[in-house]
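Engineer: Under the working numbering, the letters of the sequence shown match residues 2 to 291, in that order.
Fair warning: there could be bad hints in the mix.
Derived DEER-like restraints, expressed as beta-carbon distance ranges [said to hold, decoys possible]:
(1) D24 with D86: 24 to 34 Å
(2) A40 with E266: 57 to 67 Å
(3) L39 with L64: 21 to 31 Å
(4) N258 with K88: 30 to 40 Å
(5) K21 with Q57: 11 to 21 Å
(6) A180 with D112: 26 to 36 Å
Here are the simulated lysine-lysine pairs, BS3-like style, with alpha carbons at most 27 Å apart [as the list claims (entries may be wrong)]:
(7) K217 with K143
(8) K109 with K88
(9) K143 with K109
(10) K88 with K217
(11) K143 with K88
(12) K88 with K113
(13) K21 with K46
(14) K46 with K88
(15) K113 with K143
If you're looking for bench data, these hints aren't it; they were derived computationally from the structure. The C-beta atom is built at its ideal place from N, Cα and C for all residues, glycine as well.
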Amino acid sequence: MAPSGWAYNGTKPFYSIDIKGHDGLNDDDPPTGSPTDLADTDYTKWFDGTSAAAPQVAGLAALILSIDNSLTEEQVRYIICHTADDKGSEGWDSYYGWGRINAYLAVKSADKQFPLSGSLQNNECWWGSITLTDNVTVPDGKILTVAPGAVISIPNGKKIQVNGMLIANNATFQPASGATWYGIQFYNCSSNSEVIGCEITGSTYGLDMYYYSNVKLHNNDISLNTYGMVFSSYSDGNGGVLRNDIESNDYGVFCVNYSDPCLYETAFIDNDIAIYVNYADCNFNFGDTP
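Given the sequences, and given the hints that come with them, work out the whole structure.
Structural biologist: Here is the structure:
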């Protein structure tokens, strides 16, 4: 969350609720030479900074804990940040932080009112144990965040398709009831997507980078899939594939169609085939931390 007000040379205003009438910061009588405030004196652009931001965020944290007081500090922080309305540059930025808090979406997330199928209509923060009922798509312009410790179970043949942004840290993605799910497919998605410290198991395609998708993939355990990682149609990784354990898959890494993945400090363990290149127009790069 970012402080409200006329920060950063007056180009990005956030407005705050003021004391009613003429007793607040907006008294409808600004000093000579200063910009005018809002016509409605119940609102102001002068109450800003952390003085304005902190009580709003603290109030939302209290609302979230009123839904589920077993949530940890980390889970509350994830819910607030990752259900916010994104402002400015995609994802976090130095002007707006994670964006403008959205109490409605945050409380829905705290109450685990998650969409379990279809295309996401809002930014979502998943936590705890969740079983999807069908394919889930993260459309362009939307962000799905999977909080640390979350366990996501996916039905047979179904997938999470990412056209927007996925942020997953220390979560588990697994089949539901012993089924074989499709995998997480990144399709021409945001380069700010990241999967870090996650377990990806029991799928057909594991982490599937398709069509100009370059995702940060660090420290993941990718095991017991048909294909652990797939790079196809100009998807390279661009140095973002780092320290992954690729273990006990039929194919560790599969590469096709002009893709040149950079695999840094990657461990290949007991895969039937460690690396399979379907066409000669793919190149691999290996090495230490870039």
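Engineer: Could you tell me which of the numbered hints above are not met by this structure, giving the numbers in increasing order?
Structural biologist: none
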